[in-house]
Amino acid sequence: MAGQAEGRQCLAKRLASTFPGKGERKGGVINTISKLTKTCTLRLTVCKLYFILSDKVANGGASMWCELCQGNFFDEFQMEGVAAEHNEIYLELVPENLSRALKTAHSAKAVKIKLTNKHCPCLRVAVELPSLSSSSRIVTHDIPVGVIPRRIWNDFREPTMPDFDVSIYLPVLKIMKSVVERMKNLSNFIVIEANLSGEMNLKIETDLVSVTTHFKDLGNPPWASEEGCQSSAQGRNLESMAEACIDIKKLQQLLAGQQVNPTKALCNIVSKRIVHFILLHEDVSLQYFIPALA
Amino acid sequence: MKCVIAGGNVKVLGRAVHSLSRIGDELYLEPTEKGLSLRAVNSSRSAFASFLFAPLFFQLYEPGGPAPDTEHFRCKVHMKSFLGVFRSLPSLEKSVGKCLILLKHRASRLVLQLHCKYGVTKTHNLAFQECERLQAVFDTQSCSSRLCAPARVLADAVVHFPPTLAEVTLGTGPGGKISLRNYVEDEAELSKTMVTELWLAEDEFQSVTVSPGSRITFCLKEFRGLLTFAEASNLLLTIHFDEPGRPVVFTLDDTVLEVHLVLATLSDLESSSLPPPTNGVSHLPTPADDFADDLESYMVALESSACEGASGGPPSPTFPLRTPRTAQSDPEEQEEEEDEDGAVPGTPPHKKFRSLFFGSVLTPGGPGLAPTQEVLAEDSDGEC
Numbered sequence: 001m002a003g004q005a006e007g008r009q010c011l012a013k014r015l016a017s018t019f020p021g022k023g024e025r026k027g028g029v030i031n032t033i034s035k036l037t038k039t040c041t042l043r044l045t046v047c048k049l050y051f052i053l054s055d056k057v058a059n060g061g062a063s064m065w066c067e068l069c070q071g072n073f074f075d076e077f078q079m080e081g082v083a084a085e086h087n088e089i090y091l092e093l094v095p096e097n098l099s100r101a102l103k104t105a106h107s108a109k110a111v112k113i114k115l116t117n118k119h120c121p122c123l124r125v126a127v128e129l130p131s132l133s134s135s136s137r138i139v140t141h142d143i144p145v146g147v148i149p150r151r152i153w154n155d156f157r158e159p160t161m162p163d164f165d166v167s168i169y170l171p172v173l174k175i176m177k178s179v180v181e182r183m184k185n186l187s188n189f190i191v192i193e194a195n196l197s198g199e200m201n202l203k204i205e206t207d208l209v210s211v212t213t214h215f216k217d218l219g220n221p222p223w224a225s226e227e228g229c230q231s232s233a234q235g236r237n238l239e240s241m242a243e244a245c246i247d248i249k250k251l252q253q254l255l256a257g258q259q260v261n262p263t264k265a266l267c268n269i270v271s272k273r274i275v276h277f278i279l280l281h282e283d284v285s286l287q288y289f290i291p292a293l294a
Numbered sequence: 001m002k003c004v005i006a007g008g009n010v011k012v013l014g015r016a017v018h019s020l021s022r023i024g025d026e027l028y029l030e031p032t033e034k035g036l037s038l039r040a041v042n043s044s045r046s047a048f049a050s051f052l053f054a055p056l057f058f059q060l061y062e063p064g065g066p067a068p069d070t071e072h073f074r075c076k077v078h079m080k081s082f083l084g085v086f087r088s089l090p091s092l093e094k095s096v097g098k099c100l101i102l103l104k105h106r107a108s109r110l111v112l113q114l115h116c117k118y119g120v121t122k123t124h125n126l127a128f129q130e131c132e133r134l135q136a137v138f139d140t141q142s143c144s145s146r147l148c149a150p151a152r153v154l155a156d157a158v159v160h161f162p163p164t165l166a167e168v169t170l171g172t173g174p175g176g177k178i179s180l181r182n183y184v185e186d187e188a189e190l191s192k193t194m195v196t197e198l199w200l201a202e203d204e205f206q207s208v209t210v211s212p213g214s215r216i217t218f219c220l221k222e223f224r225g226l227l228t229f230a231e232a233s234n235l236l237l238t239i240h241f242d243e244p245g246r247p248v249v250f251t252l253d254d255t256v257l258e259v260h261l262v263l264a265t266l267s268d269l270e271s272s273s274l275p276p277p278t279n280g281v282s283h284l285p286t287p288a289d290d291f292a293d294d295l296e297s298y299m300v301a302l303e304s305s306a307c308e309g310a311s312g313g314p315p316s317p318t319f320p321l322r323t324p325r326t327a328q329s330d331p332e333e334q335e336e337e338e339d340e341d342g343a344v345p346g347t348p349p350h351k352k353f354r355s356l357f358f359g360s361v362l363t364p365g366g367p368g369l370a371p372t373q374e375v376l377a378e379d380s381d382g383e384c
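So the sequences go chain by chain: S and V.
The first sequence: position 15 = 15 (full-length UniProt numbering), numbered continuously.
The second sequence: position 172 = 172 (full-length UniProt numbering), numbered continuously.
Extracted from the complex, chain V is given alone in its bound form (with noise of 0.2 Å):
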């Protein structure tokens, strides 16, 4: 394999692998015709980043030689050796003209060099692996909702949570607003963490087709580093999503970039043996147009519908109660870790997000169970 992107694009490239390595610690590299596919996957299966540059994206684009029915060449290497030589985006802006990629087999290299102002050269020898293919299984067709928006318009709804934050509920709401809300696991840390909590209105965004009170819970980390790249390239975001425990599909889309990231969902359980939870998040009226006294008539209406929950009103259980027991194990995730399924209290907040994505069969109509005997996910390196 041999290509060589060339000027602003280097730095494209550098974005998107910011982007990789905020996900997982290896970048999988699958040159295709249709172009070059980086890709990235964390460590407990539930989020998967694609990145695909079409060959136009390139000065120069040869995925390199199979004859036309072998399988490609695919490797892996250590996102942080990857990651080292993109490192700081504005030298690559400032500096680096060219930037060629070349896989030398017999020296087992994958060679990146930077031809950068001056007649300076700098060449990285990364070790590779041979690999797999790394490959989530997803279906963008089949999710019931599809959000389209300026990735702006969510960077700039992001930045009201805490960096540090977990996990975020997207939902929608009447009036067809969006509501983004901070997730808080248990009822008890309900009573001590800040929630945070705001609407987004269908205009800001280019499209919305959703079916109502849809909602999921999602990894915001991972996603973030998403929406970095997309605010900096200025592309339109689209988030493809079913129900809580199906996968969420962020897709960006450009005439030499295609780029996918897929992160498991919360599974929402209602166990119908506990009352609701009277956070009354389902009865929100959304704040009407002209603020004057509608904040105040918002908030409100936002202390009586509370009220009402508080004394049994319909109930609609909105988030789960105690830590869910996430879906159900999959038998084919046999390169799974052996997570206890019953939330063991203080797992890290990533581990209950079981990845159901690899191996599940999305065949149409079929009930999603059927083990499938193709092995979509990992390579045979028995790691996790």
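Pulled out of the complex, with its shape left as it was, chain S reads as follows (with noise of 0.2 Å):
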């Protein structure tokens, strides 16, 4: 089959990567994201790799795109895809693997990834870790991919910015966790409101209560009026609430995987169609797109 034999082709040339001392950083990243999906994909290309997640049903239409810079993280990144102009690697790998590899990688001298394959594709993460003995200790653990043969690349392109209708940043996400996970145990759908005067309300109701928490001052995200990409948010009135009604789990998830505080935060609101968060690290961005519910 035409694409086995590319996904094999891929496996023949290795990717190699070693970073020592910046495998905590990583594992911050692989940690958010295991605990938004069980499985995602991971693109390699030359300079960036990318963990997505598409919206299918089985996602409850949730998506993410997370890029990260290999420079930031890597000493030594060597790829080589299926072909010249396709130079790239698709993976399928369940997060939680790596993130448990790379757990206790903050504390070794030198970790390194490697493509693999022996019984079935592999990524194998070496670590090596300081020991009382002469020699390192060496931990390897093997977690199995599945290679994404090229034909099906197109289902993970970078998802385009919605027409939102309103963005506004979000609040300090340590509260914002912390309000969202004790609405949880009262609802399974949470409306998110913002408007453009910085003004953002997390609401659930029920037949016995209902519960609104109310920030304000949050700002709102000066996007420049590139390519009309602003133009449903352009006249609106400032003090009109777009709202949208999610699945309040998909973003416990989501405040729940953020350890360390964003550079940026922000979110961007189509009214009652999806709402899409973007947060900054230094050198991780990460997309979620959580669809609205009727």
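Hints may contain errors.
Claimed, not checked - Here are some chain V residues pointing at chain S (derived, C-beta under 8 Å):
hint : residue
1    : Pro162
2    : Leu190
3    : Leu198
4    : Trp199
5    : Asp203
Claimed, not checked - With a cut-off of at most 25 Å between alpha-carbon atoms, the simulated BS3-like pairs for lysine-lysine come out as follows:
hint : chain 1 : residue 1 : chain 2 : residue 2
6    : S       : Lys56     : V       : Lys192
7    : V       : Lys2      : V       : Lys34
8    : S       : Lys48     : S       : Lys103
9    : S       : Lys177    : S       : Lys203
10   : S       : Lys203    : S       : Lys272
11   : S       : Lys103    : S       : Lys177
12   : S       : Lys184    : S       : Lys38
13   : V       : Lys192    : S       : Lys35
14   : V       : Lys192    : S       : Lys103
15   : S       : Lys249    : S       : Lys203
16   : S       : Lys103    : V       : Lys221
17   : S       : Lys38     : V       : Lys192
18   : S       : Lys184    : S       : Lys249
19   : V       : Lys11     : V       : Lys34
20   : S       : Lys264    : S       : Lys174
Everything labelled a hint here was simulated from the structure, so no lab data went into it.
Note that the Cβ used here is the ideal one computed from N, Cα and C, for glycine as well.
Assembling the complex is the task here: the two chains are given apart, and the hints tell you how they should meet.
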């Protein structure tokens, strides 16, 4: 089968990377992703790594796009894709495995990741740890991965920025997280609403109780009017709220995975359609789309 | 029986009970001249632990009164009840000065009394049941391999495995290195499960006496309980093992305490009809000492050995390819549940470890299958 042949070809080429001392940050990103989804796609290109979750029904329609520059994490990075003009590798993996493998990496002297094919394609993570003996201790983790054939690479394209109604910076994530966690006990759905005056409300409503948490003075990101991406927002009444009702669990998972406060955190709301979260850390950008429920 | 434990030893007792609670649901107590023995066994009889506290451990120790010829009193209590008394180790340390254990025959109660700060006394009256002696048959002298290391070395190694991992394989490799690897049951799962492996150098151990190429698989969960105790007590842990299928014995030795944990191991049935798995474990060159390029060459070597294996290199069955039929059913396992021998798919792992050692006779040189008349295992409750 053509697809499989391509898959095998890219396995024959190797991806090898070592990153002493930087494992910790990569571990942080992967930890976040492992809380969002059980499996995801890892796309490797010469300069960047992408963790992708496409919006299939199985994910409840949520999708994710996470991008990081390999240079910020790896001291050495070699990759050869399927062919010269398609110098990329797409792998399907369980991020939790990778997260676990990297867990002890922060105290490691070196970490090496390699794509191999023993009895099945695997990402082999070898961690060299200091030990009391004269030689280091080496721990290897073989993470089974699936190679994604080129013919379906199109399924994993970068999502376009939606034509949002309101764009607003998120409140301090720690606070937002504890609010959402408590609300999760009361309801399965949460309404996020925000306006262009820096106000955001998180609301839940059940038969017995309704709870609203108000945030203000959050600030709205100044999207420069490029390519009319702000067309819905222009000329919009500053006080008018755009809202979307989403699955509270998805929001909670996103917030639970954030251990470090991002440099920038914001969300774009398309009224009653979708909420698009953007979290920027120094060298990682994470976008997460949660569709609105009818 | 009456004994008093004072000061820091109360916490040691508490930790021991926590460790035993990871094994079984009932705590067996047996006061003897040599000391107080606390034991536990798991429901499938594949794990047994015993803590023997010497008289010196106690401020006061009276095993209590039978005439020299009569059997000592033995009883068992619910693990949960006993553990409840020692549940919070930090508060034991902070507020308990003395612990009194007293057997009240007439009232049929085992009394545990904690004398705490500020004159507070907490008295727990536990119901007990008299029982037969619980003793696993094992002989550390007859084990061909022995490893001895500070508990911390093993605790550091085990941390790389997920807390839910059921079984781990301990093996010996070239260069005297010791490997630990998670055990994956069948080949179908190999392509879905993450496999973690690590190597420990010989000089991390205090002593290593192993037959090369030996390998045993045992339940990690039960071992972790002992490891936590050992690490906290800063003791040296000794591992005695033999061939797959024979139990592995973990011991901790101290002047006032003797601990044994006996775990059944998976027997390694080699099926010659199937080709050996190509995970190349037995070909593994061990990571050499100086790292810089060696992680690379180690990984390259891993690759090439795997490739050799794939092209039909020297066959060397490493792990059983399919769920093994665990050891021949011992005729004397009357109390064993009627488990099917051919592994039922989805059987929880610990059921497949047959408890070989209860009742198996380890007469030196004997074939080991002669049924023993003496039932050394459990009481007549007919449980299980």
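Going down the list of hints, with the structure as the test:
no., hint, verdict
1, Pro162, "holds (6 Å)"
2, Leu190, "holds (6 Å)"
3, Leu198, "holds (4 Å)"
4, Trp199, "holds (6 Å)"
5, Asp203, "holds (4 Å)"
6, S:Lys56 with V:Lys192, "holds (21 Å)"
7, V:Lys2 with V:Lys34, "holds (14 Å)"
8, S:Lys48 with S:Lys103, "holds (22 Å)"
9, S:Lys177 with S:Lys203, "holds (14 Å)"
10, S:Lys203 with S:Lys272, "holds (14 Å)"
11, S:Lys103 with S:Lys177, "holds (23 Å)"
12, S:Lys184 with S:Lys38, "holds (20 Å)"
13, V:Lys192 with S:Lys35, "holds (19 Å)"
14, V:Lys192 with S:Lys103, "holds (20 Å)"
15, S:Lys249 with S:Lys203, "holds (14 Å)"
16, S:Lys103 with V:Lys221, "holds (20 Å)"
17, S:Lys38 with V:Lys192, "holds (13 Å)"
18, S:Lys184 with S:Lys249, "holds (7 Å)"
19, V:Lys11 with V:Lys34, "holds (21 Å)"
20, S:Lys264 with S:Lys174, "holds (14 Å)"
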